[in-house]
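Going down the list, the protein sequences come from chains A and B. Be aware that the first sequence starts at 1, since it is given in the UniProt record's numbering, and climbs by one per residue. Be aware that the second sequence starts at 1, since it is given in the UniProt record's numbering, and climbs by one per residue.
Some clues are possibly wrong.
Repeated chains share a single entry, so a pair holds when one copy, or any two copies, can fit it.
[Said to hold, decoys possible] Derived pair list, reagent style DMTMM-like, types lysine to aspartate or glutamate, alpha-carbon separation capped at 25 Å:
hint: 1; residue 1: Lys504; residue 2: Asp516
hint: 2; residue 1: Lys478; residue 2: Asp631
hint: 3; residue 1: Lys504; residue 2: Asp514
hint: 4; residue 1: Lys338; residue 2: Glu24
hint: 5; residue 1: Lys338; residue 2: Glu427
hint: 6; residue 1: Lys504; residue 2: Glu515
hint: 7; residue 1: Lys454; residue 2: Glu389
hint: 8; residue 1: Lys338; residue 2: Glu431
hint: 9; residue 1: Lys338; residue 2: Glu591
hint: 10; residue 1: Lys454; residue 2: Asp585
hint: 11; residue 1: Lys454; residue 2: Asp261
hint: 12; residue 1: Lys338; residue 2: Asp251
hint: 13; residue 1: Lys185; residue 2: Asp482
What the hints contain is simulated information worked out from the structure, not anything from laboratory work.
There are 2 protein chains.
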Amino acid sequence: MGHNVAQKLIATHLLSGDMTAGQEIALRIDQTLTQDATGTLVMLELEALDLDRAHTEVSVQYVDHNLLQTDSKNAEDHTFLRSACHRFGLWYSKPGNGVSHPTHMQRFGIPGKTLAGSDSHTPTAGSLGMLAIGLGGLEVAMAIAGEPVYLRMPEIWGVRLTGELPAWVSAKDVILEMLRRHGVKGGVNRIIEYHGPGLAHLTAMDRHVIANMGAELGATTTVFPADDQVRDFLRAERREHDFVELLADADASYDVTDEIDLSSLEPLIALPSSPGNVVTVREVAGRQVDQVVVGSSANPGLRDFAVVAAIVSGRQAHPRVSLDINPSSRQILQDLTKMGATFTLISAGARLHQSGCMGCIGMGQAPANGRNSLRTVPRNFPGRSGTREDSVFLCSPETAAAAALTGQITDPRDLPHRLGIDYPHLELPAESSVNTAMLEPPPLARADQAELVKGANISSLPGFPPLPDRIEAPVALKVGDDVSTDEILPAGARVLPYRSNIPKLAEFTFAQIDEDYVGRAHACRGSGHIVVGGANYGQGSSREHAVIAPRYLGLRMVLAVSFARIHWQNLANFGVLALEFTDPDDYHRIEQGDVLVLDGLRHAIASGGTEITVRNTSRDQQYSTRHRLSDRQIAMLLAGGLIPWLRERKSSRSSQPPASHDVR
Amino acid sequence: MGHNVAQKLIATHLLSGDMTAGQEIALRIDQTLTQDATGTLVMLELEALDLDRAHTEVSVQYVDHNLLQTDSKNAEDHTFLRSACHRFGLWYSKPGNGVSHPTHMQRFGIPGKTLAGSDSHTPTAGSLGMLAIGLGGLEVAMAIAGEPVYLRMPEIWGVRLTGELPAWVSAKDVILEMLRRHGVKGGVNRIIEYHGPGLAHLTAMDRHVIANMGAELGATTTVFPADDQVRDFLRAERREHDFVELLADADASYDVTDEIDLSSLEPLIALPSSPGNVVTVREVAGRQVDQVVVGSSANPGLRDFAVVAAIVSGRQAHPRVSLDINPSSRQILQDLTKMGATFTLISAGARLHQSGCMGCIGMGQAPANGRNSLRTVPRNFPGRSGTREDSVFLCSPETAAAAALTGQITDPRDLPHRLGIDYPHLELPAESSVNTAMLEPPPLARADQAELVKGANISSLPGFPPLPDRIEAPVALKVGDDVSTDEILPAGARVLPYRSNIPKLAEFTFAQIDEDYVGRAHACRGSGHIVVGGANYGQGSSREHAVIAPRYLGLRMVLAVSFARIHWQNLANFGVLALEFTDPDDYHRIEQGDVLVLDGLRHAIASGGTEITVRNTSRDQQYSTRHRLSDRQIAMLLAGGLIPWLRERKSSRSSQPPASHDVR
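So that you can see chain A by itself, here it is in the shape it has in the complex (with noise of 0.2 Å):
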């Protein structure tokens, strides 16, 4: 039986396991791609593995979050990335040159390689025909050590298109249709993989589109399969010599099918504040709207800009609505500019901001309490805007603009009756205005003698130690579904600053939920301390501060109905032991405050059992509960953490040869 493209992508790149859905296997990784935020943390892990220089084929460090510099904390940030760039030989994207995946896309991306990145939105790379994972940080780190990374092979979701979008409706729309139709979790431990005839009509930047919100559906990855389209793009971008043909087979099946008819599509917005709320613009047309953003990696495309400017020509933002663009990159930003479309948003009132994610983090922009922000963004978690109690819808760029002219939730097909404004036929450049000077190469020069430039806010890593054989310690904290890393750690412009500081850091854990559960942490430092979730637990980013921090204030053990993946992995990774209960009923009847116990965990643990009974001694009551730890993995909360044990590893093996599948 034929492959389908996500299948080709592993079959080329699988060092061991194999492709049977929920099977560890181990893949070889072409490309990483950090971001500041989780990336200064990826330097520190690189210089506790004491690495001699970067193993993959490319690796790029951007600065795209950290950009508002409200004191020396982010510019230092930026100098002690700049200084790992040259010391682990990495590309280092300064800040102003972008967000990092449609960066990666434009420079970088080819189809049938490997992409790593410390960025939960890092499977957009899959619009070229790339399989693309977001992964904590400290797993990218081993990527760039040239390290394989592990998943349990997922499912393969075959998405059927068909048919050409109608006017108005865009890309955006195509992914918000699959958020209503699946939610928030239809994509867990899943490859959405989208094919049939209705690709023809969609661009890769369509696809980018597409294929970076897969992420809201908890997918695994998205890929695209590398056709005619990716070539345009590469071509445009001046990089057709790196496209290769990546197509599904004839007969290529899959585990889970769905089918989309484009032409049936009609706008879509995501209410607040989950991106799983998703309704029709039409049922919620009417209600006053304070802000508007344009921007982010969910719309980041020329196209996308140019379409917004195209609607407002000649008119005036509302005068209430404050009308945000964020451009998502210099390059977009300069054809943007040479087109005519930045005189035409500036014109229009928009406020343009520097190149990055901005107000798609929170970095700035945060709106009014209660006032209703449209945002082309990916994302509307509650208080991610930085504002507590905030209003964010999810929308596309024509909705958007729609409602910067109104002031109102509109829906675009509304536009030409009501302002006399047609569906506007873009002319883009065949070429972008490529342009490299932002991106510092590697040096090439061994680069072990480069010095790290660490300023005062920059801390090494805390170390951990091993799995105790007992636990025995209190439910600091008892949270409900889906809680997010969001909601564990917020981002936002107050704490993004000390994502290098774990001590300080530490101090913003759950601050969303309880405010008072560094108290309680730091109150039983002695014993540690257990949380207890509900279904989906650490849903969201992939930052591993939403381990490293509550795992500094003391936590030993999360015991939750599910785990969301790529937490579940870092809390792994950091040494926090993971289980899930067997009854999910279970869960109601622990109480924070409860003392849990259990023993002989080393042991049973290491004998390879995966059930665990834990004691609740306030309740006299016992729960069976499982983990779900590969053999790796164990060995690895055993040690206290996959630093901790890949540094024992190194020292038992001291001078062997490294790995095969060293490319440089």
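Keeping the supplied structure of chain A fixed, place chain B upon it in accordance with the hints.
Then chain B, alone, in the frame of chain A:
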């Protein structure tokens, strides 16, 4: 004897007093300017005054300071300010429209008019032949309410300009030369008036640069004549009809004189951390530069950005250098974009930020500790950049551009032989892209029905009681000489968002000097408390928050060796008694915690005596002290401050016609 320009401006607006240096004069105010960081409080003051509608010809509320929006507070302030403009009949300049000073000059400036602004760079409008004065917010609120502005008649300092600036030297170097010669106190109690043949070569925007940084000399204001350059400027802004010629009489004279031969100037630079530390660029050339910031009201003109674009055109910023561009206004960004300079700057690697004050006031762009940042902004006070140990230099756009390319402090006159860059010949458009769409006019209808929209962070101005007849209160704090308003109430990104929330703001009072002050003030809330200060108490900015916040905590009196002028006025404005020791040595006899008693206070002050006896019951001592209040200030103080005094007056004259200078 003929009049100079300053005397003509004062004479035509003089409501009381005579034009003898040192005498109190009252001036009629035609226009006001408020920005958001000070304006929220001004609007709360208008609310407390129960103002019907602005009584000025033009009053404009700008939003240019708090643009980062890292949480809901900024956006809620913007909404509040817009509602206040509707309520009180002011113009509203939307976020993104730009910095108040160049925008006001372009859209509202009229030769011969007076302007009062709650921003210390208000004197910038002197570039058009206006008399423009920076004041505390309450005094601007009074001006909006149609009340006069009171000040001591300054000396007029005539600075004669001859010759023409050489290549690579520009207006910034003129004002840096003034600072090099006279330092940051050289202009105190003076109006600087430029005259002479050199003016013919200085455009109105060049004069804006020079007038703006007159504030750094401590000058009351700066004036230029309204001559053909001003006419040309207004013509380019399509406002030639607003031009009125205003020249000094041929036989005018000045109290103080100086002369600068423009042709003799060379590129200058102010070293960290004072605008007065001026040396030639040549003297410090070669020092490493990590950041270059272009923008702010000190170099806001199209020319200032265009010259940077021309210099970096076709080249790249040094890899280590962050080149940050802060367009001063939407209009200027439109013109820059139209002429291709935006494209050039982006291509050269610039980070293009939203239009506004931004890095100039520490709203982002903070450099790394100890790394050199070259800026075209007006001030480099320690920490103003947002970085505690910053190293900020002030220079011209030409010097900034040179450093951006070389990564070192570089005399721009070296660019021809060093990098083959000729001095650019700029082709600027003859007309500006006039665009007023982000300026919302005052409502035509009677506005006093419009509702003030107050977010959770905006609290009404607290009311303060009249001066009591007896004060018996402890000295909650004793401080030394030269305590600044920054030490009384800090600025910065952490504190600024609370400027419209006095109860919250008050928690930061004296935080830099004594963290326990607030607790002690609360503890003696019943009796109120006293602060004892040394010489020059309250030096620095005009922020009235430095009085309101401790007043809110119960401050009844400051007893000091001497006071800084604006802070002393602010104390009277908010009903706090300011007394000076007759014998400065008595300062040393009082200890923190001592209880001081003043009896028969109202009678003593109302009866016209200036000497007041203060008893120290903790030490059985007494001190002779005096106040320097005018009759007007005595009436205010007895009433509890300017606002209650004005309310009393209003109710006593209830149905009188509005003052004769009410032009609406």
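With identical chains treated as interchangeable, where does the CA-CA distance between Lys504 and Asp514 reach 25 Å or less: within a copy, between copies, both, or neither? For Lys504 and Asp514, both the intra-copy (17 Å) and inter-copy (22 Å) Cα distances are at most 25 Å.
Please work out whether the CA atoms of Lys338 and Asp251 approach to 25 Å or closer within one copy, between two copies, in both situations, or in neither? neither (45 Å within a copy, 55 Å between copies)
Under a CA distance limit of 25 Å, which applies to Lys504 and Glu515: within one copy, between copies, both, or neither? both (15 Å within a copy, 20 Å between copies)
How would you classify Lys478 and Asp631 at a CA-CA limit of 25 Å: within, between, both, or neither? Answer is neither; intra-copy 29 Å and inter-copy 66 Å both fail.
25 Å Cα threshold - placement of Glu591 relative to Lys338: neither (60 Å within a copy, 64 Å between copies)
At most 25 Å between C-alpha atoms: does Lys454 with Glu389 qualify within a copy, between copies, both, or neither? between (36 Å within a copy, 16 Å between copies)
At 25 Å max between alpha carbons, let me know whether Lys338 reaches Glu431 within a copy, between copies, both or neither. Classified as both: same-chain Cα gap 12 Å, cross-chain 22 Å, threshold 25 Å.
Go through the copies and call it for Lys338 and Glu427: within, between, both or neither, with a Cα cutoff of 25 Å. Both: 12 Å inside a copy, 19 Å across copies.
When Cα atoms must be at most 25 Å apart, do Lys185 and Asp482 count as within-copy, between-copy, both, or neither? This pair counts as within: shortest intra-copy Cα distance 9 Å, inter-copy 61 Å.
Check Lys504 against Asp516 for me: Cα-Cα at most 25 Å, and say if that holds within a copy, between copies, both or neither. Answer is both: 16 Å inside a copy and 22 Å across each meet the 25 Å cutoff.
For the identical chains here, do Lys454 and Asp261 meet the 25 Å Cα criterion within one copy, between copies, both, or neither? neither (53 Å within a copy, 47 Å between copies)
Can you give me the call for Lys454 and Asp585, within, between, both or neither, at a CA distance of at most 25 Å? neither (48 Å within a copy, 46 Å between copies)
Going through the hint list in order, the structure does not satisfy hints 2, 4, 9, 10, 11, 12.
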